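Undergrad: According to our numbering, the residues represented by the sequence shown are 2 to 148, in order.
These aren't lab readings, by the way, just hints derived from the structure by calculation. Check the hints yourself; a few may be wrong.
Label pairs and their calculated CB-CB ranges [stated by the list, open to error]:
#: 1; residue 1: Lys-81; residue 2: Ile-8; range: 15 to 23 Å
#: 2; residue 1: Arg-74; residue 2: Arg-112; range: 17 to 25 Å
#: 3; residue 1: Ala-33; residue 2: Arg-77; range: 38 to 46 Å
#: 4; residue 1: Gln-62; residue 2: Leu-135; range: 41 to 49 Å
#: 5; residue 1: Val-132; residue 2: Tyr-52; range: 42 to 50 Å
#: 6; residue 1: Asn-139; residue 2: Arg-59; range: 44 to 52 Å
#: 7; residue 1: Glu-145; residue 2: Ala-33; range: 15 to 23 Å
#: 8; residue 1: Arg-63; residue 2: Leu-127; range: 19 to 27 Å
#: 9; residue 1: Phe-147; residue 2: Thr-73; range: 19 to 27 Å
#: 10; residue 1: Arg-75; residue 2: Gly-29; range: 19 to 27 Å
#: 11; residue 1: Asn-139; residue 2: Pro-66; range: 16 to 24 Å
#: 12; residue 1: Val-132; residue 2: Arg-74; range: 26 to 34 Å
Once the Cα atoms are required to be at most 27 Å apart in a straight line, the calculated DSS-like pairs of lysine-lysine come out as [claimed, not checked]:
#: 13; residue 1: Lys-6; residue 2: Lys-17
#: 14; residue 1: Lys-17; residue 2: Lys-81
#: 15; residue 1: Lys-17; residue 2: Lys-84
Keep in mind that this is a model prediction, so the values were computed, not measured. Here a beta-carbon is modelled for each residue, glycine too, at the ideal position from N, C-alpha and C.
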Amino acid sequence: MDVAKYITVILASALKFIGGPLTGIAMGLTWAQTAACTVAGMMLAVVAVAYTGELLRRLSQRISPTPPRRFTRRTRLAVKIWKRSGMAGIALLTPLILTPIGGTVLAVSYRVHRGQIMLYMLLSALFWSIVLTLATYNIPGLQELFE
């Protein structure tokens with residue numbers, strides 16, 4: 002059992018969710034090991050940001066007290082997602098469009114309770130890790146690229 006392989010997949014999926022399944026193939030892990038590490042990676046990022054998000058927000062306001070531009074393309078998309086489907090929509094789109102860090106920052110900025118963030122993100126991570134890992138492992142010729 003090579004712990005470094007698992008840690009590599011966890012860190013890859015903490016930064017960008019699809020990085021978990023791709024790294025799992027490259028490391029030679031089974032799809033189940035890869036899916037589990039991908040969930041662990043996303044939840045590592047979610048927990049870290051959820052518990053430090055408010056502190057980081059206050060720190061950034063202290064360093065740069067000028068408010069950021071309010072209506073950018075990205076903020077309009079975030080508001081649209083929030084108004085249409087709330088925390089469920091953010092969690093559902095986090096692995097696909099947002100990063101685990103970005104989705105959690107968005108949830109923290111809307112002042113969603115930590116417990117709710119954890120629950121929704123865990124359910125999303127479980128669903129998308131299975132779907133994306135199985136899809137990635139079944140792409141013809143992809144595994145042979147890493148052998």
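Undergrad: Are the hints correct? Go through all of them and say.
TA: Right, here's what the structure says about each hint:
1. Lys-81 / Ile-8: 15 to 23 Å: violated (36 Å)
2. Arg-74 / Arg-112: 17 to 25 Å: For Arg-112 against Arg-74, whose Cβ atoms are near 23 Å apart, the range 17 to 25 Å holds.
3. Ala-33 / Arg-77: 38 to 46 Å: holds (39 Å)
4. Gln-62 / Leu-135: 41 to 49 Å: holds (43 Å)
5. Val-132 / Tyr-52: 42 to 50 Å: violated (28 Å)
6. Asn-139 / Arg-59: 44 to 52 Å: holds (45 Å)
7. Glu-145 / Ala-33: 15 to 23 Å: With Cβ atoms ~20 Å apart, the hint holds.
8. Arg-63 / Leu-127: 19 to 27 Å: 37 Å Cβ-Cβ, so the 19 to 27 Å window is violated.
9. Phe-147 / Thr-73: 19 to 27 Å: At roughly 38 Å between Cβ atoms, Thr-73 and Phe-147 fall outside 19 to 27 Å, so the hint is violated.
10. Arg-75 / Gly-29: 19 to 27 Å: Cβ of Arg-75 to Cβ of Gly-29: about 37 Å, so the range 19 to 27 Å is violated.
11. Asn-139 / Pro-66: 16 to 24 Å: Check failed, 51 Å falls outside 16 to 24 Å.
12. Val-132 / Arg-74: 26 to 34 Å: Holds, since Val-132 and Arg-74 (Cβ atoms, about 27 Å apart) stay within the stated range.
13. Lys-6 / Lys-17: Holds, because 17 Å separates the two Cα atoms, which is no more than 27 Å.
14. Lys-17 / Lys-81: holds (22 Å)
15. Lys-17 / Lys-84: holds (25 Å)
Violated hints, in rising order: 1, 5, 8, 9, 10 and 11; the structure is consistent with all others.
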